[in-house]
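Trainee: Below, each chain spelled out in residue letters.
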Amino acid sequence: MFLWFHRLGSARYFFGLAGRLTPWLGSLAAVTIVTGLYLGLFVAPPDYQQGDGYRIMFVHVPSAWMSMFIYVFMAFNAAVGLIWRIKIAHLLSTAAAIIGASFTFITLATGSIWGKPMWGAWWAWDARLTSELILLFLYLGFIALQSAIQDRGKAQQAGAILLLAGVVNIPIIHYSVLWWHTLHQTASITKFGVPSIHSSMLAPLLLMWVGFTFFFFYLLMLRARALILEYERSSRWVQEAGAVK
Amino acid sequence: MSFAEFIAMGGHGKFVWSAYGITFAVLAMNLVFTLRRLRKSEKDVDHLRSSDRQDKTES
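Residue numbers (the numbering used here), protein chains in the order written: chain A, 1 to 245; chain B, 1 to 59.
It should be emphasised that the hints constitute simulated quantities derived from the structure, not laboratory data. The structure presented is a predicted model; accordingly, all values stated were derived computationally and were not measured. Hints are not guaranteed to be accurate.
Now the stretches of chain A that chain B is said to cover, found in silico as 3 or more residues with beta-carbon under 8 Å [unchecked claim]: (1) 56-64; (2) 91-102; (3) 107-121; (4) 141-148; (5) 213-224.
Here a beta-carbon is modelled for each residue, glycine too, at the ideal position from N, C-alpha and C.
Generate coordinates for the entire structure from the input sequences, incorporating the hints supplied.
Mentor: Printed below as a string of structure tokens:
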């Protein structure tokens with residue numbers, strides 16, 4: 001286990017692994033997203049209250065899940081990077097940041113578009129909406145902080161501390177709909193108990209979520225490879241032929 | 001269901017399609033920029049390697 005952990009931490013090993021994983025992750029993402037779109041747009045029936053407008057859910061809810069998952073993933077890597085001084089962990093946080101910010105932006109934008117016909121407003125200072133907006137600022141703050149500090153080691157440490165401090169926002173986002181009864185509806189799907197939506201709507205939702213997760217890891221592996229090449233471009237294994245085509 | 005009905009989404013067409021449009025535009029942009037950056041870093045490594053070889057042959 002430790003040996004595996006150690007090997008995974010080596011940039012050279014990780015570079016090869018990421019290269020072998022990308023075709024799989026990319027094709028799995030494409031297949032699940034296309035299937036999810038088909039089921040969500042053509043097969044699932046209209047909602048009895050919202051008509052066809054509810055179909056925004058199939059992109060909005062998985063994006064929202066991703067926005068929180070990627071943040072937790074980054075904070076976990078920040079902790080691993082700080083405690084065990086594993087460079088790859090910091091590199092993964094850096095690589096994931098822009099993807100997390102993108103999913104957070106998608107969540108806010110699609111939520112706003114969904115809010116207009118259903119709530120009558122593009123935006124409200126509702127607890128869920130506000131905490132999700134803070135999440136976007138955390139991502140952007142992390143990206144800005146990393147690019148503002150010249151020394152890579154210091155930039156990674158400062159970024160990691162920001163990520164760990166910001167983790168407090170994640171349970172706030174999750175429980176905001178229960179703690180403050182404002183505008184946003186509560187969860188329809190929980191880990192415990194039966195989901196309160198029909199399986200014809202649940203299937204595309206879960207497929208889109210799985211698809212977005214594959215797509216995230218696909219992008220992450222591509223970005224990690226680019227970063228490894230940028231960080232290690234003068235090291236011997238990169239320079240020796242065969243590492244890069 | 002006709003094609004026009006599908007596009008109309010029961011009157012919510014512009015909301016549904018703009019939400020899907022933004023989602024996939026942002027995801028596609030992520031992919032394009034990532035692939036472009038990967039190509040660039042691969043090219044930089046190649047460039048460094050060939051300039052290294054030149055240094056060695058010159059000295």
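Trainee: Do three or more residues from the stretch 107-121 of chain A put their C-beta atoms closer than 8 Å to C-beta atoms of chain B?
Mentor: holds (count 6)
Trainee: Test coverage of the stretch 141-148 of chain A by chain B using CB-CB distances below 8 Å; three residues minimum.
Mentor: violated (count 0)
Trainee: With a cut-off of 8 Å between beta carbons, are at least three residues of the stretch 213-224 of chain A near chain B?
Mentor: With 4 residues close enough to chain B, the hint holds.
Trainee: Examine the stretch 56-64 of chain A for residues whose CB is less than 8 Å from any CB of chain B, and state whether their number is three or more.
Mentor: Holds: 4 residues of the stretch 56-64 of chain A have a Cβ under 8 Å from chain B.
Trainee: Given that the stretch 91-102 of chain A was listed as covered by chain B, double-check it with a C-beta distance under 8 Å for 3 or more residues.
Mentor: holds (count 3)
Hint 4 from the earlier list is the only one contradicted by this structure; the remaining hints agree with it.
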